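As they're listed, the protein sequences go chains A and B.
Heads up, the first sequence is in the numbering used here, so the first residue is 1 and it goes up one at a time.
Heads up, the second sequence is in the numbering used here, so the first residue is 1 and it goes up one at a time.
No wet-lab data here; the hints were simulated from the structure.
Incorrect hints may appear among the rest.
So, partial list: chain A residues that the calculated Cβ filter (under 10 angstroms) puts toward chain B [unchecked claim]:
#, residue
1, Phe69
2, Gly119
3, Tyr232
4, Phe301
5, Asn302
For clarity, every value in this text was computed on a predicted model and none was experimentally measured.
Beta carbons are placed, not taken as given, at the ideal position from N, Cα and C, and that holds for glycine.
Listed here are the chains, written in short residue letters.
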Amino acid sequence: METFWYAIVTLMLTMYVVLDGFDFGVGILYPFVTRTETERCTVLDSIGPVWKGNEVWLVASGGLLFFAFPRAYAAGFSGFYLALVMVLWLLIFRGLALELRSQLSHPLWRQLWDLAFSGASFFLAIVFGAALGNLIRGVPLNPEGYFFVALWTDFTPGPEPGILDWFTLLMGLASAAILMLHGANYLAMKTDGDLYLRAAASAKRTGWIALVLTCIAMLASPFVQPALRLNYTAHPLGYLFTVTGALALIATVVFRRRQHDVAAFATSSLFILAMLGNVAWGCYPNLLIATTNPASSLTIFNATAGAYGLRVGLVWFLFGFALVITSQVYVHRAFWGKVRLDLESSPTESHASPDSQRERLPFDINRPSR
Amino acid sequence: MASALLYDRLQFAFTATFHYLFPQLTMGLALLLLYLRSRALWSGDEQYHQAARFWTKIFALSFGFGVVTGIPLEFQFGTNWAKFSNFAGGVIGQTLAMEGLFAFFLESTFLGVLLFGEKRFGFRVQWFASLMLFLGSWLSGYFILATNAWMQHPVAYTVADDGRLFLNSLSGLLTNPWLFWQYAHNMTAAVVTTSCVMAAVGAFYLLSGNHLAHAKTFIQTGVVAGAIACALMIFPTGHGNAKQVFEHQPLKGAAFEGLFRTERGAGIVLVGQPNTETMTIDNPLVVPSALSILVYYDLWANVKGLDAFPKEEWPDNLPLLYYAYHIMAGLGTILAAIMALALLLLWRGRLFTSKPVLWLLMLCAPFPYIATTAGWMTTELGRQPWLVYGLLRTAQGTSPLVHSGNALFTLLGFLGLYLLLGLLFLIMIMEIVRQGPVPVTDYPAQTTGSGTY
């Protein structure tokens with residue numbers, strides 16, 4: 001049961017990264033791919049209907065972590081105190097930017113929120129990558145199961161690490177590059193004209209950066225956390241994730257070159273899924289790895305919420321999850337296709353010929369989750 | 001460590017209070033929007049479509065602020081109250097996770113449909129989306145209140161070997177007897193807030209001579225819904241709540257009534273300042289025997305005062321608790337009176353010409369916000385010194401390794417950020433109200449000149 005919930009929480013978080021990941025990526029690229037106000041509106045409209053739904057995957061993941069493994073939630077959230085509160089502030093700024101930009105048409109007002117949107121997206125991508133790095137590297141848990149890490153200490157992943165060290169920073173940069181690639185692919189799928197060309201070009205460029213940074217991070221991980229290797233030696237099946245991830249990233253680059261927009265986006269989603277699956281496979285059954293004494297690590301067994309709770313949770317979770325998937329597929333389907341702003345065309349016209357503007361979807365982006 | 005506790009408490013109190021300014025409007029508005037959309041669908045009247053679209057904009061704004069200020073609350077359970085999360089997570093993790101999964105998804109998904117799907121979807125889909133918004137937001141409230149009700153009145157748990165609590169009955173948690181009256185009272189309060197806001201916007205338009213037809217719809221809807229909700233607020237929901245407090249948490253009841261000494265035939269203090277030195281009320285204005293009658297339906301019933309309990313069990317801020325309760329009850333009564341008067345005039349067909357009452361309706365918009373805030377202060381301050389009533393003291397629930405310097409840093413950050421948020425919200429809401437309900441054809445062009453962004 002604990003293993004099942006470990007898989008679910010991981011899956012939810014991964015879905016969050018795949019879904020909100022593309023709008024973070026779009027956010028980072030936003031100032032670089034747009035030249036005119038119309039283009040900026042197009043970009044914002046491309047994520048407008050979906051970003052909030054994407055963000056609640058984070059809330060749901062947090063809630064599920066709290067529900068299934070309260071002890072890990074308590075230790076992790078209090079231990080990463082400063083980083084998490086700053087994540088909150090950044091999420092608030094980003095949400096504000098998306099909500100408020102359109103409300104006034106003064107150019108300075110819009111420039112202000114453009115900056116907030118892009119900057120917050122960038123820092124969030126870095127912080128989320130660094131967070132993953134922290135989970136891999138481990139934290140100085142005390143025997144009671146709590147810890148506290150400063151934002152940085154001496155930038156080495158020793159026994160008294162900070163949230164930022166060279167490894168987590170590397171992970172942060174890799175995360176930013178991957179999300180930029182992912183966001184650029186999404187944008188290419190949603191736009192046309194000059195914007196499309198610029199998005200496709202960014203995807204090509206960030207694709208290479210992502211490839212290089214991922215390779216370095218992949219090579220560094222087992223040295224920073226030797227325990228990761230144990231699971232792979234014991235269960236080599238996990239290498240399936242590694243192979244899938246590698247193939248997906250190469251496929252992204254290839255599809256990008258051949259201008260298969262949807263396929264490129266699908267493979268970059270698959271790449272993120274596989275990479276995070278990789279990490280989850282290696283860390284299992286640890287939720288928080290102790291750098292102090294391996295016995296202090298919080299695992300899914302000593303942090304559990306109890307047998308009854310986990311069992312009964314299954315009932316509402318499966319129901320809720322089906323609901324979530326249905327509504328998300330519905331919304332993503334409803335807003336599928338290239339973004340059209342009705343500047344000249346009247347509402348009735350754009351409503352009358354939606355099929356000519358929208359391609360039929362060969363498959364849905366939510367599919368990997370099922 | 002003591003100051004870290006203080007900052008943790010202040011931070012949660014401040015962020016929760018600020019957050020709840022937004023959901024109370026969205027929860028009430030979800031109901032009234034469903035009404036407006038139903039009227040629109042049923043009559044096909046363009047007027048109601050416009051009205052629904054206008055309030056959807058306000059809903060979206062308030063919802064957005066509610067979401068961004070709500071996430072810090074979920075986070076703070078872990079960041080600032082780690083020991084509490086560790087202790088009680090096995091139980092309340094259920095309701096919080098359910099909230100995240102069901103309600104949040106419903107709300108944000110269907111709000112997207114309403115805001116961005118104006119032209120893609122027909123009116124029926126929009127009505128359905130409104131229904132889902134209503135269900136989502138009220139379900140959200142239910143799960144959150146189930147969490148709070150459990151902290152007030154813990155049920156359905158077993159103690160594990162390591163002292164942590166595990167759930168033993170999900171249905172027991174969701175049908176906590178405490179929850180029923182608390183939820184009913186809270187949701188009617190949300191409807192009161194929204195009704196007052198809607199009536200106030202209507203009164204503003206009518207007094208300033210704009211959007212006259214809409215103004216009348218808003219006032220009518222607001223006053224009728226507000227009068228019903230105000231009545232339900234006092235009886236049975238308010239009464240039911242007070243009764244269960246005196247039954248299960250007599251100390252809290254005695255504290256918010258300012259009843260220092262156990263009395264036969266205890267009265268209700270309408271006005272007066274509690275003096276914790278002398279254990280008396282200064283400048284009291286008392287309705288004799290009223291408390292005995294309301295709680296036990298008996299003129300001479302014995303009501304336990306604060307002196308019946310050991311002092312270390314007392315809530316740590318008695319005067320504030322006392323004032324919070326009196327502000328809630330006082331404002332609630334005043335609002336009920338205003339709504340009753342407006343309803344009477346509406347029924348006689350004189351409300352739209354009665355300037356003083358319109359002014360009153362317009363100016364009373366902030367009162368329900370103050371009343372609900374005071375109501376939540378009553379509940380939460382009255383729960384002290386317990387975090388989980390009878391099981392875990394507040395001082396035992398904080399994060400052991402987050403020291404006061406860190407806690408103060410984030411508290412100050414939140415104060416600054418939320419000040420900015422509050423100002424922005426006011427600017428935005430004024431802009432929306434200034435634009436007013438506009439005909440459909442102008443709608444996209446009016447807001448931005450380019451779609452929704």
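Restraint: A/Phe69 near chain B, CB-CB cut 10 angstroms. Satisfied or not?
8 angstroms, holds
Restraint: A/Asn302 near chain B, CB-CB cut 10 angstroms. Satisfied or not?
9 angstroms, holds
Tell me if the interface restraint on A/Phe301 is satisfied: Cβ within less than 10 angstroms of some Cβ in chain B.
12 angstroms, violated
Given a cut of 10 angstroms on the nearest C-beta pair, is the interface hint for A/Tyr232 held or broken against chain B?
30 angstroms, violated
Satisfaction of the A/Gly119 interface hint, Cβ to chain B closer than 10 angstroms
15 angstroms, violated
Comparing the model with each numbered hint stated earlier shows that hints 2, 3 and 4 do not hold.
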